[in-house]
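Build out the structure end to end from the sequences listed, making use of the hints.
Chains as they are written, first to last, in this note's numbering: chain A, 1 to 263; chain B, 1 to 246.
Please note: incorrect hints may appear among the correct ones.
[What the hints assert, rightly or not] Pulled from the structure, derived: some chain A residues nowhere near chain B, Cβ distances all over 12 Å:
| id | residue |
| --- | --- |
| 1 | ARG18 |
| 2 | GLU22 |
| 3 | GLN23 |
| 4 | ASP30 |
| 5 | HIS63 |
| 6 | ALA80 |
| 7 | GLN104 |
| 8 | LEU108 |
| 9 | ARG144 |
| 10 | VAL152 |
| 11 | ASN153 |
| 12 | SER188 |
| 13 | GLY204 |
| 14 | GLY213 |
| 15 | LEU248 |
[As the list claims (entries may be wrong)] From the derived model, a few chain A residues whose C-beta atoms are all more than 10 Å from chain B:
| id | residue |
| --- | --- |
| 16 | MET46 |
| 17 | ILE47 |
| 18 | VAL58 |
| 19 | ASP78 |
| 20 | ALA79 |
| 21 | VAL90 |
| 22 | ASP116 |
| 23 | GLY125 |
| 24 | ASP137 |
| 25 | ASN166 |
| 26 | ALA178 |
| 27 | ASN180 |
| 28 | ASP194 |
| 29 | CYS221 |
| 30 | ASN232 |
| 31 | PRO252 |
[Said to hold, decoys possible] Listed below are the simulated SDA-like cross-link pairs for lysine to any residue, each with C-alpha atoms no more than 25 Å apart in a straight line:
| id | chain 1 | residue 1 | chain 2 | residue 2 |
| --- | --- | --- | --- | --- |
| 32 | B | LYS146 | B | HIS90 |
| 33 | A | LYS236 | A | SER246 |
| 34 | A | LYS197 | B | ASP29 |
| 35 | B | LYS113 | B | ARG160 |
| 36 | B | LYS171 | A | ARG18 |
| 37 | B | LYS172 | A | LYS197 |
| 38 | A | LYS230 | B | ASP23 |
Hints are computed from structural coordinates only; laboratory data are not their basis. The beta carbon of each residue, even a glycine, is placed where N, CA and C say it ideally should be.
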Amino acid sequence: MIVDFNAYIGRWPYWPNRYMSEQGLLELMDRHDVDRAVVTSTRGIMIDPQEGNHEAAVLAGRHSDRISWVCCVNPCDDAAAVVELERCGVQAGAVGLRLAPQHQAWDLNADPYIADVMAAAQRLGLFVLLPVRLIMDWRLPSMRITDIGIFVNKHPNCTFVVSGVNYHDLRLAIDILARNPNTLIETSCLMGRDAIKQLVDHIGSERVLLGLGLPLQSALCGLVKVQRAKINEKDKKLILGVNAESLLNRSPKRGAKAPSKTG
Amino acid sequence: MIIDAHVHVGSAIYYGLPLRVEDIIALADEAEIERLIASHFRAIWYDMREGNAELGRWIRQFRGRLFGYVGIHSSAYGQLAIDEIDRGLHDYGMVGVKVYTSEQFPLYDPQMKEIIAHVADLGVPLLAHTSPQQAEPVMREIPNVKLVLAHMGNTFDPGRGAWQWAISLAKKHANVYLETCSSSPTLGFIEAAVEAIGPERVLFGTDMPLFDPHTQMAKVLDADLQVSARASILGDNAARLFQFDD
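Spelled out as structure tokens, the structure:
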């Protein structure tokens, strides 16, 4: 069982990527024996949450056996953000919520409406994905791992997935996970030697999720990182997919048929 | 033969990096990397004479397996740096020069350009941790230097990872080589380089011990390339550039 917990659909505005489509994503998943991808729409992150959520929900609806989706809302939309989140979580089958303040120009720890969004996420049983960056490219907008730590501490009853961590942030990410048992981490941007082993040594394997960054990053690179890590086979299986399946099974719905977009 | 054109030895103060040279050789064994071309952390960041001397001893110890770049930690050392390059190449048998730049200490500063001109006259490759933005004016002024652009421009500092710019630079300058290791496993960046300049000037590197050799090699193995192009990148190009004639 292999699950990519940090996959994307939509346009990639920064440079051309010929796999950034439904067919391309599925082709790469097939090529590398990836059973499931947990997808967010870049459209939802960068342009329009509703449009992006619709795009991701439609994809998951067509491939419910292979695709789960994470919705995106913008707290700057105030009450409409919660309405959209409830629509995604209750009707449209989203398994989690991705926050993207670095792409939407709001402050993770100071936005006046984020508490309402978080309360709704908790009520709906959605995990919250907090990305330092989308994929590992130094030019992309990023969020400070220290801000993520402060935010996680404020919401002890939510389940978080810290995403996009690289070597600059790893020690602090490990500290956040050590202090917050409700927090997991995905591996797509971890490129330091022995990073996976460090995670397992410090926080155990049960809260580490494979992230590949499909279709934007090399799947082989992301897989080898775990498969060649100096950890035992049981831990590898947990990281490659078992932990993700367990988290997805705790989510309220999986792969529900996409509803029509609402205004 | 697989050749790693970007390796570090010695101890670094951050990232928990210290590894014995024997451990790095063992990592290379696991990844079936036959030759490593390394610089010493101390030489590029703190004391060139100490670092290069220690690397020189290790090159003797691992003859035929470990090769060296003469490390220079600051262009402001001027003639001392040039003398150190000559010593490293002559006394320690090193095969290239390594420099590390930042926004504050750029590749294009006047003293660095004097050093680079000297390296160009010697005809040995210069591995530069720099950005294509910094390399561009240098290549205009010193087009005969064999410049290996470390990380293919995917650097945090300087430059913030402009690999597309690195490819453009290599397209314009026949003596620019692109080395593949970095934090970025971006799908398609090696194919983009090969499409633009051919496979002959793309070099495999790992940046051990910062990165894992298997993950860095996976980027090349996962790239949509012809078998011959992959072989060129993994070793043939470096063998030619560094004149490994055996």
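Cross-check of the supplied hints:
Annotated as non-interface, ARG18(A) brings its C-beta within 12 Å of a C-beta of chain B; the closest such distance is 7 Å. Consistency note on GLU22(A): stated as away from chain B, and its beta-carbon is indeed over 12 Å from all of that chain's, at 16 Å minimum. With a closest Cβ-Cβ approach of about 15 Å to chain B, GLN23(A) is found to remain outside the 12 Å limit, as its non-interface label requires. Every C-beta of chain B lies more than 12 Å from that of ASP30(A), the closest at about 14 Å, which supports listing it as non-interface.
No Cβ of chain B comes within 12 Å of the Cβ of HIS63(A); the nearest lies about 20 Å off, and the non-interface call holds. Its beta-carbon lying about 34 Å from the closest one in chain B, ALA80(A) satisfies the requirement of being farther than 12 Å from that chain. Non-interface call for GLN104(A) relative to chain B: holds, since the shortest CB-CB distance, roughly 21 Å, exceeds 12 Å. Every beta carbon of chain B lies more than 12 Å from that of LEU108(A), the smallest distance being close to 22 Å; the non-interface claim holds.
No Cβ of chain B comes within 12 Å of the Cβ of ARG144(A); the nearest lies about 15 Å off, and the non-interface call holds. With a minimum CB-CB distance of about 24 Å to chain B, VAL152(A) clears the 12 Å threshold, and the non-interface call stands. Listed as a non-interface residue, ASN153(A) keeps its Cβ farther than 12 Å from every Cβ of chain B; the least gap is roughly 25 Å. The Cβ of SER188(A) does not lie farther than 12 Å from every Cβ of chain B; its closest approach is about 9 Å, which violates its non-interface assignment.
Every CB of chain B lies more than 12 Å from the CB of GLY204(A), the least distance being 20 Å, so the non-interface label holds. A cut-off of 12 Å between C-beta atoms contradicts the statement that GLY213(A) is not in contact with chain B; the least separation is 7 Å. Here LEU248(A) stays apart from chain B, with its beta-carbon at least about 24 Å from theirs, past the 12 Å limit. Look at MET46(A): its CB is around 18 Å from the nearest CB on chain B, clear of 10 Å, so calling it non-interface holds up.
Chain B leaves ILE47(A) outside its interface by the beta-carbon criterion, the shortest separation being 22 Å against a cut-off of 10 Å. A cut-off of 10 Å between C-beta atoms confirms that VAL58(A) is not in contact with chain B; the least separation is 24 Å. Annotated as non-interface, ASP78(A) keeps its C-beta farther than 10 Å from every C-beta of chain B; the closest such distance is 34 Å. A cut-off of 10 Å between C-beta atoms confirms that ALA79(A) is not in contact with chain B; the least separation is 37 Å.
With a least beta-carbon separation of about 35 Å from chain B, VAL90(A) lies farther than 10 Å from that chain, consistent with its non-interface assignment. Residue-level check passed: ASP116(A) sits 35 Å from the nearest beta carbon of chain B, beyond 10 Å. No beta-carbon of chain B comes within 10 Å of the beta-carbon of GLY125(A); the shortest separation is about 32 Å. Under the 10 Å C-beta cut-off, the non-interface status given to ASP137(A) relative to chain B is violated; the minimum distance is some 5 Å.
Annotated as non-interface, ASN166(A) brings its C-beta within 10 Å of a C-beta of chain B; the closest such distance is 6 Å. Once the 10 Å rule is applied to beta carbons, ALA178(A) is consistent with being away from chain B; the minimum gap is 17 Å. With a minimum CB-CB distance of about 23 Å to chain B, ASN180(A) clears the 10 Å threshold, and the non-interface call stands. Look at ASP194(A): its CB is around 7 Å from the nearest CB on chain B, not clear of 10 Å, so calling it non-interface is violated.
Residue-level check failed: CYS221(A) sits 4 Å from the nearest beta carbon of chain B, not beyond 10 Å. The claim that ASN232(A) lies off the interface holds: its Cβ sits roughly 17 Å from the closest Cβ of chain B, which is beyond the 10 Å cut-off. Residue-level check passed: PRO252(A) sits 32 Å from the nearest beta carbon of chain B, beyond 10 Å. Under the criterion of a C-alpha separation no larger than 25 Å, the hint pairing LYS146(B) with HIS90(B) is consistent with the structure, at around 19 Å.
Using a Cα cut-off of 25 Å, the hinted pair LYS236(A) and SER246(A) holds, with the two alpha carbons roughly 15 Å apart. With a C-alpha separation of about 20 Å, the suggested pairing of LYS197(A) with ASP29(B) holds against the 25 Å cut-off. For a cut-off of 25 Å, the pair hint linking LYS113(B) to ARG160(B) stands: about 22 Å separates their Cα positions. Restraint check for LYS171(B) and ARG18(A): the C-alpha separation of about 22 Å stays at or below 25 Å, so the hint holds.
Among the hinted pairs, LYS172(B) with LYS197(A) is inconsistent with the structure: their alpha-carbon atoms are about 42 Å apart, more than 25 Å. With a C-alpha separation of about 14 Å, the suggested pair LYS230(A) and ASP23(B) falls inside the 25 Å cut-off, and the hint holds.
In the structure shown, a violation is registered for the earlier hints numbered 1, 12, 14, 24, 25, 28, 29 and 37, in ascending order.
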